[in-house]
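Student: Chain by chain, the residues run as shown.
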Amino acid sequence: MLYREEAPKYAKGAGQVVALQTQALRKVFTVKRKDAGLAGSFRSLLKPSWEEKVAVRSIDLTVQRGEMVAFLGPNGAGKSTTIKMLTGILHPSSGEAKVLGCTPWREREKLAFRIGAVFGQKSQLWYHLPPIDTFDLISRIYELDRADYHARRDDLIERFELGPYLHTPVRKLSLGERMRCEIAVSFLHRPQLLFLDEPTIGLDVVVKQRIRELIREVNRDEGTTVFLTSHDAGDMEELCSRAVVIHHGGILLDAPVDRLKREVLNRKIISLTLAAGYDASMLPPLPGTEVIAGEGRRLKLGVDLAVTDIEAVLGTVIGTYRLDDVTVEDPPMEEIIAHIYGTGG
Amino acid sequence: MGSRVFGDRLELLSARSKKAGAVARITMKQQMAYKTDFIMRASFMLMILYVFVQLWSAAYDGDAGRVINGFTLKQIIWYLVFTEAITMGVPALCGLIENEVKNGDIAIRLIRPLSYIGYHYAAYLSEAVFRFYIHLAVGGAIAWLCVGPPTFGLGWAGLFSLTLGALTIAFLLNMIVALCALWVEETRGMEFVLHKLQFTVGGMLLPLDLMPEPLQRVCAWLPFQAMLYFPARTAVNFGAAPLLQQFVIQAAWIAVLAAAVMLMYRRGVSKLHVNGG
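So the protein lines, in turn, are chains U and Z.
Just so you know, we're using this note's numbering here: the first sequence kicks off at 11 and counts up by one.
Just so you know, we're using this note's numbering here: the second sequence kicks off at 14 and counts up by one.
Hint data in this document are derived by calculation from the structure and do not stem from the laboratory.
Using N, Cα and C, we set each Cβ at its ideal position, and we do this for glycine too.
Don't take every hint at face value.
Below 35 Å or equal to it, Euclidean Cα-Cα: the simulated DSBU-like pairs (lysine-lysine) are [claimed, not checked]: (1) U:K63 - Z:K115; (2) Z:K48 - U:K120; (3) U:K108 - Z:K284; (4) U:K218 - U:K182; (5) Z:K284 - U:K63.
Some, not all, of what chain U presents toward chain Z, calculated at C-beta under 8 Å [to be verified]: (6) F39; (7) A127; (8) R150; (9) S184.
Listing some non-contacts, in silico: residues in chain Z with all C-beta distances to chain U over 10 Å [stated by the list, open to error]: (10) V18; (11) N82; (12) G153; (13) L158; (14) F165; (15) L219; (16) A254; (17) P255.
So that you can see chain U by itself, here it is in the shape it has in the complex:
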């Protein structure tokens, strides 16, 4: 790990307790190795060779109740594998973990009553049936009292604005509508700890925003601990107070989001679609701004927020060109990680 903020102190007497804690958590998969081509396939059939793939090298982490922690990293960093170990789906190769006082892989069913999970790329809704049927099934599986279930369901339907499509088969819902249902279902049994694995993947900006608001609201109202993995830095910025960045299966950085924003996430990408072709000579010099790409009607600018701000750059660009479209994005996670390495943490 290149950088780590002082480990969070357990506020004795302040009513804060640990939601989850891991110690040297490690997961190694054994993967069959196959050479390319038909001959390689035959060789693999006759003499299979295996190699070890370290998905999670060693994770030491403590999350307190009520915290909203972002667990970030590029694809293949070990985020999902860590979540799967913490929910009891995967057994670690070594190391320890306690989630709400339970060892997840030994007490999976007991722990399941107290946690919730949403896997952005996997649906827990029954594809041919309307979401209301999944709500009912989940209420039975979590042994909810009927009156409590109905009250809770109605509350979630109102908060997540699910009313219009509660009786529409899931296969006919848009991705955004489905994700709202997925997250609402995961809140049904009032989990103390919610694992969100890429909850905003594939969603457009407006839906992403709405889902973030809803997660924030439930955390605020019910004190639900949220452990969120994402490769979208925006999820972290808008939801979490603490960020843990992992890379190659180990923790690279563990710091408050404010500090991360100040020191690492101080760059934005502005993507523009111009009404006419891009002419570099028309653009006046902009301090803290670099042209990443400019071709045809497309223009991409990198903005250093420590030097300038988005409004100033956009003001100049709007004064120079006629625009068809503008998007402001965070740099990709790979760039953030490269930046962390570059600054030594």
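We have chain U already, so just place chain Z on it with the hints.
Tutor: This is chain Z only, laid out in the frame that chain U set:
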């Protein structure tokens, strides 16, 4: 103390039954969406039964009164209806589990306070019973037209009472193959062999009584007869073998196979490699 433990166990059993009931209900609802699948299967059954009616009619020389190894033509055709209804009622569990392991959907099952095997058993039974009755109705209609009504009296009670055990044995056999997906990449080969064993030594195509004596002795030691032969033979020839004895054999196989399933699941899940996201 003892009564409290008993009370706790009863409560746990009641909670598990309610969960299983909920899984069974939603599976049944989902089944209603597969109308085309049912029509296709029913048409296939119609074709199979038509072929076998022709074959067996030729074997019996079209003589309705002739008896071969204790079976009349009518009994043989109805026997086929029952074995086909059970066989075609069994959902494709191996492919389902293999896909869950391969695409990582198993994660969705394992985050619930519910036994993974128990979940699949509840879903399987709901689907299997529903399909069994549909195929029984379709097959029964064809057999009725070809060889006359099923006047089997208590045989019906034998059929329905042994079918639950038969479907459970089919579930456990399929689950054993399906759980191999936790170790090997492909289970289709094993599934193919399992199905062919059901067809032959399970007595799907013809009653074990018509097989050579040495083969019958081998079949008596295999679980496949308890899956197809027991319920179908009891239905068409009630009293040919003690019902209680068949229940005991089914129960014994269920105990052995369930133990194997639990052992495989516990070993396999600890080395699970969930793919994707």
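Student: Measuring Cβ to Cβ, find out whether V18 of chain Z lies farther than 10 Å from everything in chain U.
Tutor: holds, 18 Å
Student: A closest beta-carbon separation below 8 Å is what the hint needs, so does A127 of chain U meet it against chain Z?
Tutor: holds, 5 Å
Student: Was L158 of chain Z rightly flagged as not at the interface, with every chain U Cβ beyond 10 Å?
Tutor: At roughly 34 Å from the nearest Cβ of chain U, L158 of chain Z sits farther out than 10 Å, so the non-interface label holds.
Student: Beyond 10 Å from chain U, beta-carbon-wise, is G153 of chain Z?
Tutor: holds, 28 Å
Student: Is the hint on S184 of chain U kept, meaning its closest Cβ partner in chain Z is under 8 Å away?
Tutor: violated, 20 Å
Student: Against chain U, does A254 of chain Z keep a CB gap of more than 10 Å to every residue?
Tutor: Since the minimum Cβ distance to chain U is about 40 Å, A254 of chain Z lies beyond 10 Å and the statement holds.
Student: Would L219 of chain Z pass as off the interface with chain U, using Cβ distances and a cut of 10 Å?
Tutor: holds, 38 Å
Student: Holds or violated: is there a CB of chain Z closer than 8 Å to the CB of R150 of chain U?
Tutor: holds, 3 Å
Student: With a cut-off of 35 Å on the C-alpha distance, tell me whether K63 of chain U and K115 of chain Z pass.
Tutor: Given pair K63 of chain U, K115 of chain Z holds - Cα atoms ~17 Å apart, limit 35 Å.
Student: Please verify that the nearest CB of chain U lies beyond 10 Å from P255 of chain Z's CB.
Tutor: holds, 40 Å
Student: Is it true that the CA of K108 of chain U sits at most 35 Å from the CA of K284 of chain Z?
Tutor: Holds, at roughly 20 Å.
Student: Hey, is F165 of chain Z genuinely clear of chain U, shortest beta carbon separation above 10 Å?
Tutor: At roughly 37 Å from the nearest Cβ of chain U, F165 of chain Z sits farther out than 10 Å, so the non-interface label holds.
Violation of the numbered hints given earlier is confined to hints 2 and 9; the remaining hints are satisfied by the structure.
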